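**Q** These protein sequences, in sequence, are chains A and B.
When the letters of the first sequence are read in order and numbered with my numbering, they come out as residues 17 to 311.
When the letters of the second sequence are read in order and numbered with my numbering, they come out as residues 17 to 311.
Please note that a few of the clues may not be correct.
Given that identical chains are not distinguished, each listed pair holds provided it fits within a single copy or across any two copies.
No more than 30 Å apart at the CA atoms, straight line, and that leaves these computed lysine-lysine pairs for DSS-like [as the list claims (entries may be wrong)]:
{"no.": "1", "residue 1": "K168", "residue 2": "K156"}
{"no.": "2", "residue 1": "K122", "residue 2": "K310"}
{"no.": "3", "residue 1": "K182", "residue 2": "K156"}
{"no.": "4", "residue 1": "K156", "residue 2": "K262"}
{"no.": "5", "residue 1": "K24", "residue 2": "K182"}
{"no.": "6", "residue 1": "K122", "residue 2": "K156"}
{"no.": "7", "residue 1": "K24", "residue 2": "K191"}
{"no.": "8", "residue 1": "K168", "residue 2": "K24"}
{"no.": "9", "residue 1": "K117", "residue 2": "K182"}
{"no.": "10", "residue 1": "K262", "residue 2": "K24"}
{"no.": "11", "residue 1": "K290", "residue 2": "K117"}
{"no.": "12", "residue 1": "K117", "residue 2": "K156"}
{"no.": "13", "residue 1": "K24", "residue 2": "K160"}
{"no.": "14", "residue 1": "K275", "residue 2": "K156"}
Calculated directly from the structure, the hints in this document are not laboratory data.
Here the structure is a predicted model, which means the values were calculated and not measured.
2 protein chains.
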Amino acid sequence: MSNNSISKLQASEINELNRQMEARLNSLDNQDTLRAAMRYSVMAGGKRIRPLIVFATCASFQTPISEAVFAVAGSLEFIHTYSLIHDDLPEMDNDELRRGKPTNHKVYGQAMAVLAGDALLTEAFEWLTEAGISPVDNLKLVHKLAKAAGPKGMVDGQSRDILGEKQQLTLEQLKVLHAGKTGALITYAFEAGGILAGVSDQHQALLREFGLLFGLAFQIYDDILDVTSTQEKMGKAVHKDSLEHKNTYPALLGLNEAKRSLEHTLSQAGNVLKQLNDLGVQTELFDELLGYFKI
Amino acid sequence: MSNNSISKLQASEINELNRQMEARLNSLDNQDTLRAAMRYSVMAGGKRIRPLIVFATCASFQTPISEAVFAVAGSLEFIHTYSLIHDDLPEMDNDELRRGKPTNHKVYGQAMAVLAGDALLTEAFEWLTEAGISPVDNLKLVHKLAKAAGPKGMVDGQSRDILGEKQQLTLEQLKVLHAGKTGALITYAFEAGGILAGVSDQHQALLREFGLLFGLAFQIYDDILDVTSTQEKMGKAVHKDSLEHKNTYPALLGLNEAKRSLEHTLSQAGNVLKQLNDLGVQTELFDELLGYFKI
Numbered sequence: 017m018s019n020n021s022i023s024k025l026q027a028s029e030i031n032e033l034n035r036q037m038e039a040r041l042n043s044l045d046n047q048d049t050l051r052a053a054m055r056y057s058v059m060a061g062g063k064r065i066r067p068l069i070v071f072a073t074c075a076s077f078q079t080p081i082s083e084a085v086f087a088v089a090g091s092l093e094f095i096h097t098y099s100l101i102h103d104d105l106p107e108m109d110n111d112e113l114r115r116g117k118p119t120n121h122k123v124y125g126q127a128m129a130v131l132a133g134d135a136l137l138t139e140a141f142e143w144l145t146e147a148g149i150s151p152v153d154n155l156k157l158v159h160k161l162a163k164a165a166g167p168k169g170m171v172d173g174q175s176r177d178i179l180g181e182k183q184q185l186t187l188e189q190l191k192v193l194h195a196g197k198t199g200a201l202i203t204y205a206f207e208a209g210g211i212l213a214g215v216s217d218q219h220q221a222l223l224r225e226f227g228l229l230f231g232l233a234f235q236i237y238d239d240i241l242d243v244t245s246t247q248e249k250m251g252k253a254v255h256k257d258s259l260e261h262k263n264t265y266p267a268l269l270g271l272n273e274a275k276r277s278l279e280h281t282l283s284q285a286g287n288v289l290k291q292l293n294d295l296g297v298q299t300e301l302f303d304e305l306l307g308y309f310k311i
Numbered sequence: 017m018s019n020n021s022i023s024k025l026q027a028s029e030i031n032e033l034n035r036q037m038e039a040r041l042n043s044l045d046n047q048d049t050l051r052a053a054m055r056y057s058v059m060a061g062g063k064r065i066r067p068l069i070v071f072a073t074c075a076s077f078q079t080p081i082s083e084a085v086f087a088v089a090g091s092l093e094f095i096h097t098y099s100l101i102h103d104d105l106p107e108m109d110n111d112e113l114r115r116g117k118p119t120n121h122k123v124y125g126q127a128m129a130v131l132a133g134d135a136l137l138t139e140a141f142e143w144l145t146e147a148g149i150s151p152v153d154n155l156k157l158v159h160k161l162a163k164a165a166g167p168k169g170m171v172d173g174q175s176r177d178i179l180g181e182k183q184q185l186t187l188e189q190l191k192v193l194h195a196g197k198t199g200a201l202i203t204y205a206f207e208a209g210g211i212l213a214g215v216s217d218q219h220q221a222l223l224r225e226f227g228l229l230f231g232l233a234f235q236i237y238d239d240i241l242d243v244t245s246t247q248e249k250m251g252k253a254v255h256k257d258s259l260e261h262k263n264t265y266p267a268l269l270g271l272n273e274a275k276r277s278l279e280h281t282l283s284q285a286g287n288v289l290k291q292l293n294d295l296g297v298q299t300e301l302f303d304e305l306l307g308y309f310k311i
């Protein structure tokens with residue numbers, strides 16, 4: 017697998033995942049508009065970072081990308097997509113553009129966007145339990161996914177975000193917010209890969225640690241990009257965070273300190289990879305993933 | 017168990033379930049408002065029909081009401097509650113009153129109501145996978161619950177309902193709508209009880225058939241009540257369906273024909289109970305549940 021690379025995974029496995037997600041949604045025996053609304057947001061593109069993490073983790077442990085791995089990756093992307101649809105709603109972030117296209121509710125209306133999100137969230141658990149994974153591991157995956165996505169994880173972070181808009185958060189509060197909103201699902205992606213690969217508890221603990229740091233880096237990087245990038249590059253509205261007095265790393269720390277904080281987080285993550293490497297794990301793919309955050 | 021009754025189950029098991037649901041929500045380590053919003057709708061009362069079905073099914077097969085049964089019943093009620101919160105949203109049914117109290121978004125705002133619903137839906141799967149059920153059965157329950165609640169079940173019915181408001185549905189279309197919106201979760205409740213009780217495939221098929229008829233009766237009864245009852249009795253706005261030109265059984269068939277349709281459905285359900293009875297199953301509790309729909 018040492019001749020593997022993220023771009024190879026993207027060209028092969030992510031393409032196949034896109035095909036499987038689309039086929040699954042097309043085959044849903046349900047109301048046409050609901051199906052179209054679900055399909056619209058899932059197939060709107062996106063970087064598929066979370067599935068890529070699952071694939072990269074499996075590949076790093078020489079685990080073939082089987083149907084089970086696709087089910088874990090696809091169900092995770094469904095949950096990520098649902099969260100974007102609900103985040104964009106007028107009562108939430110009120111966004112009109114996502115991945116360069118009108119947001120779900122701009123196309124299908126607000127009610128259908130709520131339902132498309134609900135449907136993707138629920139369908140994720142259906143797919144995940146059809147994965148053909150051993151029941152013990154499968155149950156563990158369902159439990160971890162629900163915990164990461166729910167009121168102790170992503171939804172908790174989202175509610176802190178919504179309520180935090182009215183106040184200035186401390187750095188500590190901002191970290192808790194993002195550990196939920198972005199970190200929980202990303203950490204799950206690494207852990208799920210570890211479960212699929214049947215890694216040891218020691219490996220799993222390091223994957224989890226790496227996932228937490230990766231999720232943190234992801235968010236600081238995204239905040240920095242919101243300040244420094246253009247709408248054209250991002251495919252969504254930028255400079256929106258500061259306009260709306262959102263709590264971000266650059267807003268709290270200043271742009272330079274935010275960049276230093278990103279560097280520090282990336283170096284901590286690098287240390288975890290070194291530990292994995294010392295245990296004989298091939299970490300090239302993880303290294304390559306970290307390269308995503310170079311600024 | 018022959019000295020069991022629905023009212024006994026209500027006094028003992030439903031009370032205990034309420035206690036467990038409240039304790040679970042109180043112990044959530046998350047954002048205060050989110051937790052309060054989740055708690056508000058779950059503890060707003062309601063008839064707890066779906067948990068009652070799970071308990072009654074277990075009791076009918078002499079299966080003790082263990083922690084596993086409470087997890088199945090509680091996770092189901094969480095999903096039902098999420099669906100009510102989202103249904104009531106301004107972009108959906110725009111209801112201001114539920115179970116005699118202001119709806120979730122009237123108290124916590126629209127964004128928090130979306131999130132409280134998302135959180136309860138996800139938390140349901142977390143609870144269900146902590147049930148201590150055998151992994152094979154537990155996975156089956158997760159799969160059936162996701163299928164019943166998702167885009168092939170409840171969310172499908174809900175989207176047909178939202179889109180159907182603008183048009184006159186046929187009776188056949190109305191049945192499909194309700195089979196999803198109300199029927200799927202109710203049928204799951206009977207099937208989940210059967211799985212917990214470890215019943216045979218033959219019993220399970222009959223439980224499923226009974227569940228489908230019970231769900232249909234439930235909806236026709238609810239539609240009739242909307243015409244004939246008062247807001248005081250119902251704890252929510254009535255005569256709303258006809259005002260909003262909603263598709264209902266009385267609107268499509270007339271009140272008398274809707275009542276006859278209910279009678280017919282109840283008699284079919286009674287026939288299924290007879291078959292269960294012939295197989296040695298004690299069906300008193302199921303009979304009593306059907307009594308709920310006497311008009």
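**Q** List in ascending order the numbers of the hints, as given earlier, that are violated by the structure.
**A** 2, 3, 4, 5, 6, 7, 8, 10, 11, 12 and 14
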